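Peer 1: Below, each chain spelled out in residue letters.
2 protein chains.
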Amino acid sequence: MTLVLTPLRAIPLIRPGDDLADIILSALQPSSLELQDGDILVLAQKIVSKAEGRLMDLAAVVPTAKALELAASSQKDARFCELVLRETGEVLRVGPGTIIVQHRLGFVCANAGIDHSNVAGEGSAEQDWVLLLPENPDRSAGLVRERLETASGRRLGTMIIDSHGRAWRLGVAGTCIGLSGLPGLVDMRGQSDLYGFTLRVTTIAAADELAAAASLVMGQAAEGTPVIHVRGFPYPLREGSLRELIRPKELDLFR
Amino acid sequence: MTLVLTPLRAIPLIRPGDDLADIILSALQPSSLELQDGDILVLAQKIVSKAEGRLMDLAAVVPTAKALELAASSQKDARFCELVLRETGEVLRVGPGTIIVQHRLGFVCANAGIDHSNVAGEGSAEQDWVLLLPENPDRSAGLVRERLETASGRRLGTMIIDSHGRAWRLGVAGTCIGLSGLPGLVDMRGQSDLYGFTLRVTTIAAADELAAAASLVMGQAAEGTPVIHVRGFPYPLREGSLRELIRPKELDLFR
Chain F
1 MTLVLTPLRA IPLIRPGDDL ADIILSALQP SSLELQDGDI LVLAQKIVSK
51 AEGRLMDLAA VVPTAKALEL AASSQKDARF CELVLRETGE VLRVGPGTII
101 VQHRLGFVCA NAGIDHSNVA GEGSAEQDWV LLLPENPDRS AGLVRERLET
151 ASGRRLGTMI IDSHGRAWRL GVAGTCIGLS GLPGLVDMRG QSDLYGFTLR
201 VTTIAAADEL AAAASLVMGQ AAEGTPVIHV RGFPYPLREG SLRELIRPKE
251 LDLFR
Chain E
1 MTLVLTPLRA IPLIRPGDDL ADIILSALQP SSLELQDGDI LVLAQKIVSK
51 AEGRLMDLAA VVPTAKALEL AASSQKDARF CELVLRETGE VLRVGPGTII
101 VQHRLGFVCA NAGIDHSNVA GEGSAEQDWV LLLPENPDRS AGLVRERLET
151 ASGRRLGTMI IDSHGRAWRL GVAGTCIGLS GLPGLVDMRG QSDLYGFTLR
201 VTTIAAADEL AAAASLVMGQ AAEGTPVIHV RGFPYPLREG SLRELIRPKE
251 LDLFR
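Listed in order, the protein sequences are those of chains F and E.
Heads up, the first sequence is in the working numbering, so the first residue is 1 and it goes up one at a time.
Heads up, the second sequence is in the working numbering, so the first residue is 1 and it goes up one at a time.
Hints are computed from structural coordinates only; laboratory data are not their basis.
Chain copies aren't distinguished; within one or between two, either way the pair holds.
Using 25 Å as the maximum straight-line C-alpha spacing, the simulated DMTMM-like pairs for lysine to aspartate or glutamate come out as follows: (1) Lys76 to Asp57; (2) Lys66 to Asp77; (3) Lys76 to Asp252; (4) Lys76 to Glu87; (5) Lys66 to Glu87; (6) Lys76 to Glu250; (7) Lys76 to Asp187; (8) Lys249 to Asp187.
None of these values were measured; they are calculated from a predicted model.
All chains should be built: construct the whole structure from the sequences, respecting the hints.
Peer 2: Put into structure tokens, the structure is as follows:
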């Protein structure tokens with residue numbers, strides 16, 4: 001099946017309290033897209049965080065002693081480090097300019113996913129505002145999905161993505177941080193390969209593959225767009241969760 | 001721009017010596033695809049390796065002492081371990097059933113990318129045949145690209161992908177192991193974001209994002225297809241190399 005990823009061009013700048021489902025439904029029309037069963041909507045983390053009011057004013061943050069320590073070793077703002085620590089399960093690596101953590105949500109990423117860019121505060125110096133990840137991205141994805149399904153009468157999937165660096169390889173790639181209505185992993189074990197032999201390995205990180213695909217279409221700069229419509233996802237939709245994709249610490253050889 | 005990934009359905013089982021460019025050109029016709037400037041063809045590693053005769057008969061492999069050691073610690077076949085070591089720059093982690101190495105080509109993967117599945121020998125017990133990665137995937141991609149460009153008169157990109165496990169996350173995802181005519185990384189630093197601020201991070205692993213997208217469409221099982229046609233890659237084509245994507249050891253906090 002052909003996989004088609006279409007950016008929705010009519011998404012306005014998102015503000016706290018905005019209704020993302022309504023905005024997506026409105027944006028589908030100029031793109032001449034009518035939702036069908038099996039379609040998936042991929043949302044950039046930033047618009048979900050903004051709609052949920054996850055903007056934080058650094059001026060209001062008081063760093064703890066631990067944050068001051070992290071600020072010294074990472075050469076980052078202590079108030080920023082304080083927010084990173086609040087969002088962090090475990091700090092994995094720190095170096096000048098680099099903080100890699102296991103986020104409280106389970107995945108490993110830089111700066112606990114807290115972002116300075118594309119963040120605009122209201123009547124304040126913009127560099128004092130930062131944007132935290134959604135509190136519960138699976139839930140956020142589920143809420144948008146429920147609204148879109150109700151409005152369309154279709155069986156849909158929704159996913160929230162961020163750009164993560166990787167061990168071993170340079171550059172960031174789109175990565176799933178929350179999903180609803182589609183599989184995180186697809187287990188191919190036991191299926192036959194082209195020669196009729198049983199596949200041995202191969203649990204496919206289907207949601208992450210789709211996240212990377214959508215990220216490619218989103219872009220990162222001014223001409224980017226934060227919502228991608230996907231048609232042709234090749235696996236059956238089902239209930240899913242970010243948790244599927246998180247490698248348990250005891251199975252992780254690289255922490 | 002919309003990104004469209006179309007699997008080429010008419011790819012036969014590949015044998016050593018097959019001409020992949022000819023096979024792709026023939027397969028484009030039943031898919032009603034005429035190549036255009038900017039199109040990219042993504043090839044599964046397996047068909048490139050097979051066409052290049054990278055099948056090895058384990059029965060002909062004599063393990064060294066080092067391979068016998070690795071076989072003991074990994075609980076894998078010593079002849080298989082011998083081939084892994086020949087393809088390896090550095091062994092990073094070994095456990096029961098697991099060998100993670102830096103491949104001689106630079107990337108980190110399991111078993112040096114050597115594969116048992118989808119491998120059929122000629123008149124021999126199939127489990128004795130394994131498939132090594134192409135000797136030089138950038139070059140392999142370049143050769144196919146040159147032939148396709150000559151035949152079509154179009155400016156194209158070609159990429160070879162494999163499925164790699166990841167640190168921190170479960171499941172395998174499509175990953176670029178060789179490319180020609182497209183960027184590995186796209187450097188967005190210095191560009192403006194939606195609010196006119198300068199993007200600070202954000203070198204995008206565009207080739208890996210495309211690899212993941214193509215992998216999603218390929219699938220892994222019997223109904224899978226090893227060549228994907230891509231239209232709408234959002235960045236300008238240029239000469240590229242796998243080397244762009246490899247994180248230098250001194251910049252890698254997780255080895």
